[in-house]
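Participant: Listed below, chain by chain, are the residues.
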Amino acid sequence: MNNSVAKEKIVSLRKKRSLEDMRFKYYGFTAMCLSLAVLVFLLYTIFSKGYTAFQKTIVLLEVDYNQEVLKLTPDSSDEEMEKGKFFRVKKQAVENFFPDLSKSDIKLVKKLFSINVDNEIKDYFLDNPEVINTKQQIWVTAHSDVDQLLKGNSRRDVPEDRRKLNDIQLSYVDQLVEENRVKQVFNNFFFTKADSRHPEIAGVAGSFMGSLFTLFTVFILSFPIAIGASVYLEEFAPKNRITELIEVNISNLAAVPSIVFGLLGLGVLLNVFGLPRSTPLVGGSVLALMTLPTIIIACRASLKAVPPSIKEGALAVGATKTQAVFHHVVPLALPGTLTGTIIGLAQALGETAPLIMIGMIAFIPNIPTGLTEPSAALPVQIYLWVESAERGFQEKSAAAIMVILIFLFMMNAIAVFLRNRFERKW
Amino acid sequence: MSNSKILANSVDVYYGSKQALFGISMDIKEKEVTALIGPSGCGKSTFLRCINRMNDLIEICKVSGSIKVDNEEIISDKTDVVSLRSKIGMVFQKPNPFPKSIFDNVAYGPTIHGLVDSKNDLEEIVHSSLKKAGLFDEVKDRLNEPGTSLSGGQQQRLCIARAIAVNPEIILMDEPCSALDPIATAIIEELIDELRLNYTIIIVTHSMQQAARVSQKTCFFHLGELIETGETNKIFTNPDNTKTQDYITGRFG
Chain A
1 MNNSVAKEKI VSLRKKRSLE DMRFKYYGFT AMCLSLAVLV FLLYTIFSKG YTAFQKTIVL
61 LEVDYNQEVL KLTPDSSDEE MEKGKFFRVK KQAVENFFPD LSKSDIKLVK KLFSINVDNE
121 IKDYFLDNPE VINTKQQIWV TAHSDVDQLL KGNSRRDVPE DRRKLNDIQL SYVDQLVEEN
181 RVKQVFNNFF FTKADSRHPE IAGVAGSFMG SLFTLFTVFI LSFPIAIGAS VYLEEFAPKN
241 RITELIEVNI SNLAAVPSIV FGLLGLGVLL NVFGLPRSTP LVGGSVLALM TLPTIIIACR
301 ASLKAVPPSI KEGALAVGAT KTQAVFHHVV PLALPGTLTG TIIGLAQALG ETAPLIMIGM
361 IAFIPNIPTG LTEPSAALPV QIYLWVESAE RGFQEKSAAA IMVILIFLFM MNAIAVFLRN
421 RFERKW
Chain B
1001 MSNSKILANS VDVYYGSKQA LFGISMDIKE KEVTALIGPS GCGKSTFLRC INRMNDLIEI
1061 CKVSGSIKVD NEEIISDKTD VVSLRSKIGM VFQKPNPFPK SIFDNVAYGP TIHGLVDSKN
1121 DLEEIVHSSL KKAGLFDEVK DRLNEPGTSL SGGQQQRLCI ARAIAVNPEI ILMDEPCSAL
1181 DPIATAIIEE LIDELRLNYT IIIVTHSMQQ AARVSQKTCF FHLGELIETG ETNKIFTNPD
1241 NTKTQDYITG RFG
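So the sequences go chain by chain: A and B. Residues in the first sequence are numbered consecutively from 1, following the working numbering. Residues in the second sequence are numbered consecutively from 1001, following the working numbering.
Chain A extracted, bound-state conformation (with noise of 0.2 Å):
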């Protein structure tokens, strides 16, 4: 072949191949903006539905503290202002929420209102014991049927008997947008309270204390025991048969599915040990037994990666293997071993399955204050709350996946800062 002849092949093929990099780069370009959109549209879904679980509706309510009606003094001590009738109080203040109101009028007027007023009427006295006897205008708390309705979300132009509210109730409802007597305001309860039956006082504050109990328990028990497995899997272990098969099985174990970790911890750790069901602690030791594997395999890489060179330094001035590994190996390998236990932490925070199996999906209206205690756990309580057939439970479950889409970007925002802030260059 000739030189020229070889030139002529060379630019005619080098077109196709020039055409080849476009194409390439056209095929990735669309995958990335293909991924992007879903996943655009999926946080605009879950956004659109939920932000308006931040928003509760209040409605402003004439309360009377009369003396009498209350049972108290105005010396009464402590106490005795716990105990007070403000249940009477309330029904009073609902039978005169507008004027001349009859006894079926009354019962539905009283629909409007959240089961949640008795307390706030209560609270609202012991803040300010000194309205004794006086009329006082308070802000309370709707029913969730009335919140929905203001939001948009239920509609009032399906036939009556398939709504919520009646005629009657909506035209209260609309006498008080008329008198201004109702507006939304930001939702504390959603982060203060919580699971509830009725959805206006339902919060994640119990599932997220849940989920942060379960999380440590996690990483108590995982950290130690991943980092203790894998310094001896890479640096101690003699390389033999056995040590090869349980290097395969913890690669199977990372693939087996979590529900039969939920059934091992319903098996063993409830009905042999006994422990107590529902709580943070068992439901922490199934994800630890989960994300272990996990964990064990990021920390082996990590390990992995630091240069054997200063291994050997070490061990040329005379440490032991010990004090090799431990003064020089470990630390250099530490970013990468948290990084690992953060994915891990994030791969436990959103799993159900096994949660469900040992009983973490029973109604907890408590927020937990320790291990021991019954408490759900965030991706249950989402779980439990799409399930729910009230309307008001749909933006709160939309809400909770936020908190917890939330709480997984810290996580990884701090896997992100502690590779960034330990890791030394060699």
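Just so you know, these hints were derived from the structure itself, not from any lab. Backbone N, C-alpha and C fix where the C-beta goes; we use that ideal spot for every residue, glycine too. Do not take every clue at face value.
[Claimed, not checked] Pairs of lysine-lysine residues, derived as PhoX-like cross-links and limited to a Cα-Cα distance of at most 20 Å, are as follows:
| hint | chain 1 | residue 1 | chain 2 | residue 2 |
| --- | --- | --- | --- | --- |
| 1 | A | Lys239 | B | Lys1062 |
| 2 | B | Lys1140 | A | Lys321 |
| 3 | A | Lys239 | A | Lys122 |
[To be verified] Counterexamples of contact, computed for chain A against chain B with all Cβ distances above 10 Å:
| hint | residue |
| --- | --- |
| 4 | Phe41 |
| 5 | Ile46 |
| 6 | Gln347 |
The hints should help you fit chain B onto chain A, whose structure is shown.
Facilitator: Here is chain B on its own, set in the frame of chain A:
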């Protein structure tokens, strides 16, 4: 002989089923520089790493035969490898300072061996080691900076200081200048010449000029066998073996 420091007798080394060294016997004198030369893969580094048992790190490596350091057998399960390594320092091919401060790099050895009782003692050892390695004047104002921030030649001298700090008697150097530029190499060679007064040094090198410059004894390895050993002058001017002759005149390797 009385001033023999290391005495190797028919050392065989296997990597798995592959034999890397064939019956190496060698007598290394105290306070001399012995150079191990030979083409790549001839086993000189392998032999060097037998002396401080670094080959233990390689799972498939088996060493047999006898190496005596100060008349004590070290190829044995009973050998205390840790104290052996405190007696035999090692400098590697690629500078490998710890990713810590210059001070901590040198201080690490004395600290783990408990050679110092007070902070002042430690400071003294670190300073004197850095001085002996000819690095002190260059780094005295930045002892807290990471050792990895130094230049290649300085890093290698830092590694020498680190080895000296535990007060060894023997220093093994595995191609210490192969990653360095000519000026840094010259500095290290000068340093080796000075260190010879206090330490027994064994240096593996690819550069025959370097071997000729720094060593008193030279051992020529070829395909896992020790072909010839003798006074450096003699090896480079009038070797007995034709293979040695061929290698140093550049006919192979």
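Participant: Work down the list of hints and note, for each, if the structure agrees.
Facilitator: Results of checking the hints against the structure:
At most 20 Å may separate the alpha-carbon atoms for a hinted pair to count; Lys239(A) and Lys1062(B) meet this at roughly 15 Å. Simply put, Lys1140(B) and Lys321(A) have alpha-carbon atoms about 31 Å apart, too far for the 20 Å limit, and the pair is violated. Restraint check for Lys239(A) and Lys122(A): not satisfied, since their Cα atoms lie roughly 70 Å apart, outside the 20 Å limit. No beta-carbon of chain B is positioned within 10 Å of the beta-carbon of Phe41(A); the least distance is around 45 Å.
Distance to chain B confirms Ile46(A) as a non-interface residue, since its nearest Cβ pair spans about 43 Å, more than 10 Å. Remark: the non-interface label on Gln347(A) is consistent with the geometry, its nearest Cβ contact in chain B lying 30 Å away (cut-off 10 Å).
Of the numbered hints given earlier, the model fails hints 2 and 3; all others are met.
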